[in-house]
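S.K.: Guided by the hints, dock chain B onto chain A, whose structure is given.
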Amino acid sequence: MSADERMVIVGAGQAGLHIAEALRSLGYEGGIELLGEEFHPPYHRPPLSKSWLAGEMDATQLIMRAPDALLRKRISLRTGTKVRSIDRLHKQVCLVDGNTISYTGLALATGSSPRILSLPGVNSKSVLALRTLDDASSVAKALALCAKKRLPVVVIGGGFIGLEVAATARKYGLDVTVLEAAPRLLSRVLAPVLSDWYVALHESRGVQLVLGAQVVSIESNSDGYVRGVCLADGSSIEAGLVLSGIGVSANDQLAKEAGITCEGGILVDSCSRTNDPHIVAAGDCTARKWANGRIVRLESVQNATEQAKSAASALLGNERPFDATPWFWSDQYDKKLQMAGISLGADEWAVRGEMNANTSEAGFSVFHFSQGTLLAVDSVNAGKDHLLARKLLDSRVSPTVKQVTDLSFNLADLLR
Amino acid sequence: MANITFIESNGNSTTVNLKDGWSLMQGATANGIDGIIGECGGSCACATCHCYVDEERLGDLPALTDGEMAMLESVTATRRSNSRLACQIKASAVLEGLIVHLPETQE
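The listed protein sequences correspond, in order, to chains A and B. Numbered by our numbering, the letters in the first sequence go through residues 13 to 428 in order. Numbered by our numbering, the letters in the second sequence go through residues 914 to 1020 in order.
If you're looking for bench data, these hints aren't it; they were derived computationally from the structure. Where hints are given, some of them may not hold.
Think about it this way: if two alpha-carbon atoms lie no more than 20 Å apart in a straight line, the pair counts; the simulated EDC-like pairs of lysine to aspartate or glutamate are [claimed, not checked]: (1) K348/A / E981/B; (2) K347/A / E921/B; (3) K414/A / E360/A; (4) K403/A / D979/B; (5) K1003/B / E68/A; (6) K348/A / E986/B.
Away from chain A, derived, C-beta distances all over 10 Å, residues of chain B [to be verified]: (7) I920; (8) E921; (9) S922; (10) N930; (11) G955; (12) M982; (13) R992; (14) N995; (15) L1011; (16) I1012.
It should be emphasised that the depicted structure is a prediction, and the values quoted were computed from it without experimental measurement. All C-beta atoms in this analysis are idealised placements derived from N, C-alpha and C, irrespective of residue type, glycine included.
Chain A extracted, bound-state conformation (with noise of 0.2 Å):
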């Protein structure tokens, strides 16, 4: 090994901080830059529009690693720095700062970005999307202010992050609406006997919701703050913030400048590599090509720390794919929704249990099947279910429904 062999990861979130444990855990002792663009180390997502939001953790408990334990595992982390440019052919990445640092191998791991409302007045204030911690922070501060001055809350986007939010919401007892452009909640991940039951759930706590919402404008008071939002149908809706959730898109402008093949997002293969041999990718940033030709773009913890432990060895020469069953979560008030595989594309549906939102503590899963073979489960504070469906699915196993349905037959009886 060379002295000056440095893997460079651009990106300090999840799967960056990842990729870089992975290395040194695969015994490579080069050197590793992490460079992010945010101020903050490494911190946890997930809790930005649950627990945190709701004031139930403070910002220093989000923190992934402590600084001291970085710098035992020579992991250089940079915060604050912007990467401008990939210099593929010289092997270096260019800072908006001017300087460059060379690399033996680059991960790419930048996330993602909420996608903007494109609304007259969306620039008024309290007008609010939600993805770092910084957002967050805004976000309670906007979420305070509606508290002390009773000013409701809408959400656009009825997606798990503004439902999320709007959960939170409600916890500080604010008036609450969910605007959704499309018939149904959650339309993109969920088959739609969970949207009705989200619909229900969310109701049931007092949030209005109102599907197939068209949202036209967004109007501010003198002090430049936003006032409420219009629709199409000519009603408006008083808001003392207005929470933007309609999704993401990948961060892969850098790799798309660099020529870097992307479709949606950086592509790349179950062994996190893209289409230059010294370049891998990992999270949020990536889209990637499934065995079935389907190119899936997944925003999830799972998906980012997996890629990551592939991007890692790819950077060191070896194939470590990830192909295991995709899972996922969402908090919302009492009810802990994991879902395991995914339903697109289901013909058939069994629930197990009973699908209730208004009882507290039962919990159901709702398993997902095409044509006979089990695609994917959606439990609800059924995390049993949920550990199951996931061995069920890597091995592929499918239940029946008649087995699904009956809670006397053990599922788990079908893996021995």
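M.R.: Showing chain B alone in chain A's frame:
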């Protein structure tokens, strides 16, 4: 506040002073203790903060929830009767002096 001692599988022992409300997972990762990963950030969703708690102190801990019990079934290292997830145990004076052993692997 509570002083908690983490003992890694290689014998390394570190005692940290944890503020009330901090989970053992947060205490370990924030203090640079290897052997706990905490992938999901404490949402009881990943089972990478598995630890073994001093048997005699099990009664001082919050009761196992169904969610934690389910996650414990998928820990990588051997599950024992004193296995817990560090993200589900929050510090308070009751835990003073607790000794927590960390498994060889979390993944």
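S.K.: Which of the listed hints are not met by the structure?
M.R.: 2, 11, 12
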